[in-house]
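J.: Sequence:
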Amino acid sequence: MAAVQANVTTGIQANTKTSAEPVRPLANFPPSVWGDRFLSFSLDKSEFERYALAMEKPKEDLRKLIMDPTMNSNEKLGLIYSVHRLGLTYMFLQEIESQLDKLFNEFSLQDYEEVDLYTISINFQVFRHLGYKLPCDVFNKFKDASSGTFKESITSDVRGMLGLYESAQLRIRGEKILDEASVFIEGKLKSVVNTLEGNLTQQVKQSLRRPFHQGMPMVEARLYFSNYKEECSSHDSLFKLAKLHFKYLELQQKEELRIVTKWYKDMRFQETTPYIRDRVPEIYLWILGLYFEPRYSLARIIATKITLFLVVLDDTYDAYATIEEIRLLTDAINKWDISAMEQIPEYIRPFYKILLDEYAEIEKKMGKEGRANTVIASKEAFQDIARGYLEEAEWTNSGYVASFPEYMKNGLITSAYNVISKSALVGMGEIVSEDALAWYESHPKTLQASELISRLQDDVMTYQFERERGQSATGVDAYIKTYGVSEKKAIDELKIMIENAWKDINEGCLKPRQVSMDLLAPILNLARMIDVVYRYDDGFTFPGSTLKEYINLLFVDSLPM
Numbered sequence: 051m052a053a054v055q056a057n058v059t060t061g062i063q064a065n066t067k068t069s070a071e072p073v074r075p076l077a078n079f080p081p082s083v084w085g086d087r088f089l090s091f092s093l094d095k096s097e098f099e100r101y102a103l104a105m106e107k108p109k110e111d112l113r114k115l116i117m118d119p120t121m122n123s124n125e126k127l128g129l130i131y132s133v134h135r136l137g138l139t140y141m142f143l144q145e146i147e148s149q150l151d152k153l154f155n156e157f158s159l160q161d162y163e164e165v166d167l168y169t170i171s172i173n174f175q176v177f178r179h180l181g182y183k184l185p186c187d188v189f190n191k192f193k194d195a196s197s198g199t200f201k202e203s204i205t206s207d208v209r210g211m212l213g214l215y216e217s218a219q220l221r222i223r224g225e226k227i228l229d230e231a232s233v234f235i236e237g238k239l240k241s242v243v244n245t246l247e248g249n250l251t252q253q254v255k256q257s258l259r260r261p262f263h264q265g266m267p268m269v270e271a272r273l274y275f276s277n278y279k280e281e282c283s284s285h286d287s288l289f290k291l292a293k294l295h296f297k298y299l300e301l302q303q304k305e306e307l308r309i310v311t312k313w314y315k316d317m318r319f320q321e322t323t324p325y326i327r328d329r330v331p332e333i334y335l336w337i338l339g340l341y342f343e344p345r346y347s348l349a350r351i352i353a354t355k356i357t358l359f360l361v362v363l364d365d366t367y368d369a370y371a372t373i374e375e376i377r378l379l380t381d382a383i384n385k386w387d388i389s390a391m392e393q394i395p396e397y398i399r400p401f402y403k404i405l406l407d408e409y410a411e412i413e414k415k416m417g418k419e420g421r422a423n424t425v426i427a428s429k430e431a432f433q434d435i436a437r438g439y440l441e442e443a444e445w446t447n448s449g450y451v452a453s454f455p456e457y458m459k460n461g462l463i464t465s466a467y468n469v470i471s472k473s474a475l476v477g478m479g480e481i482v483s484e485d486a487l488a489w490y491e492s493h494p495k496t497l498q499a500s501e502l503i504s505r506l507q508d509d510v511m512t513y514q515f516e517r518e519r520g521q522s523a524t525g526v527d528a529y530i531k532t533y534g535v536s537e538k539k540a541i542d543e544l545k546i547m548i549e550n551a552w553k554d555i556n557e558g559c560l561k562p563r564q565v566s567m568d569l570l571a572p573i574l575n576l577a578r579m580i581d582v583v584y585r586y587d588d589g590f591t592f593p594g595s596t597l598k599e600y601i602n603l604l605f606v607d608s609l610p611m
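If you're matching positions, the sequence shown starts at 51 in my numbering and goes up one per residue.
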């Protein structure tokens, strides 16, 4: 959540020193583009219940289709692929896994000798997305044995190339053919995209902009429904369930957004800390990206509130407080006691009290269910990030540029990943057992990879703005200093690190898994949301493009029934 220089003032003048007011590093963030529009939503519970009831018949019909023993394997895998792309997998996970177990155990490379590129790609994606390590050897036949390059004949099969490009995003380390496919196919698709017609044009544009595997699941489901009409209409039950499901989720999510918007307004953050970024819908969208399933409604509300606290903290440290005030606030957060309020500046006292009160309320609620440990983990992560922000502030204050290893050690903390991922667990329920939390605390490879993406994707996109504001702590600058390379070389190296981290996440999601996919999904999805926010610009500080488009798609432009 990098702070960058903007052109719209907050009403507090930057860098003007009077006897009463010290010099402050104001960023003057753009205001919210949404205002109070999401406060006016009113959930019609009877309408909500009607959609829930209406889903039952197409759900049962689709369940029977998935289990249909007479359907051939390629057709079944194609059906499961559409179910997955439409965000319906959670409804049929047991049935889908029973079918995939059977088909995976029957797998033979010879069975794929006469199968076309598109079908192989769909099969590969289904197995990999659901955790089965189908070998990438299924694509070997599309390479020329003598030259080692992809056969020119596949370039006339655009749907097949698109499938291979999406498949390549699921690669793990050592899968050279998919490394090559990603580069080769991307170039070919870019060269033909403007010559295509119909839905295929939108399908290719959508994939080139952001492959499905790196996208926000809810948005990707809506885009699949719009751009893959033939696939979505192949079975009446699939089409009906998808539409009803979208409407059901839309109502639930609009109500959740109303709840957190009202809470934020009631807390008066924009009055007590007017220098911060007002980004309630954007933060809710970010958390929705971690898990959209209806059962995680409470989890989304809790995680959104805690992440909004994080925005206040980040912007206070980065764009308002003096170094002396930062030291005092960090000490108070470490103490986590209302008695520490007297030591901090008056302007931040309301925030500090709300922070302690809200966490106490959440801990009390979760304690009744025997899950206060998740709240404690979130609180400790919040204290960690305050200490990390202080270290960055000390570096900036002294003009110190950290070495790259030193930067990364602290930068993985200040990326906010740990706070958001731990807070995401708080309301998830029984699946977050003591063992699951211990796995998180052990800092496994999959978690490390997602953290790295969170830190470096942000840095690659925001380092120039940070530099303009006099911030010394960016991964790009630390890399240049440590390894004596050019700016371009540093960025290229960081992008390679990000690419390899994606491979490690992909591998961590394959069976046998250390924990359930329910616990891995927020880790994978947090990396996806970092890509959504930072692939093309700093979409959080300046939410005028991708995030605005996504908020409109999900909460403003209703899907017609």
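Errors might be hidden in some of the hints.
What the hints assert, rightly or not - Here are the computed distance ranges between Cβ atoms for each label pair:
(1) Glu236 - Ser123: 25 to 31 Å
(2) Arg209 - Ser82: 37 to 43 Å
(3) Arg345 - Asp111: 21 to 27 Å
(4) Pro610 - Asp229: 40 to 46 Å
(5) Arg259 - Ser389: 35 to 41 Å
(6) Lys545 - Ser276: 26 to 32 Å
(7) Glu480 - Glu396: 21 to 27 Å
(8) Thr251 - Val73: 25 to 31 Å
(9) Val73 - Gly248: 54 to 60 Å
Unchecked claim - Computed cross-link-like contacts, DSSO-like style, restricted to lysine-lysine with a CA-CA straight-line distance of at most 27 Å:
(10) Lys418 - Lys403
(11) Lys403 - Lys415
(12) Lys290 - Lys109
The set of hints was computed from the structure by calculation and includes no laboratory data. Predicted model, so just to flag it, every value in this text is computed and none were measured. For each residue, glycine too, the CB sits at the ideal point set by N, CA and C.
J.: Evaluate each hint against the coordinates.
T.: To see whether the hints hold, each was checked on the structure:
Our hint of 25 to 31 Å for Glu236 and Ser123 holds, since their Cβ atoms are close to 29 Å apart. The beta-carbon spacing between Arg209 and Ser82, approximately 41 Å, falls within the hinted interval of 37 to 43 Å. Between Arg345 and Asp111 the beta carbons are some 23 Å apart, a value that agrees with the proposed interval 21 to 27 Å. In this structure, Pro610 and Asp229 meet the distance hint of 40 to 46 Å, their C-beta atoms being roughly 42 Å apart.
In this structure the supplied range 35 to 41 Å is violated for Arg259 paired with Ser389, their Cβ-Cβ distance being about 52 Å. Take Lys545 and Ser276: their Cβ atoms lie about 30 Å apart, and the range 26 to 32 Å holds. Checking the proposed 21 to 27 Å range against Glu480 and Glu396 shows it is violated: the Cβ atoms sit about 43 Å from each other. Between Thr251 and Val73 the CB atoms are about 53 Å apart, so this pair departs from the stated range of 25 to 31 Å.
Judged by the Cβ atoms, the range 54 to 60 Å given for Val73 and Gly248 holds: they are separated by roughly 59 Å. Of the supplied pair hints, the one linking Lys418 and Lys403 holds, its CA atoms being roughly 23 Å apart against a limit of 27 Å. Between Lys403 and Lys415, the direct Cα distance comes to roughly 18 Å. Compliance with the 27 Å bound is thereby established for this hinted pair. The suggested pairing of Lys290 with Lys109 holds, with an alpha-carbon distance near 9 Å, which does not exceed 27 Å.
Hint violations for this structure: numbers 5, 7, 8, all remaining hints satisfied.
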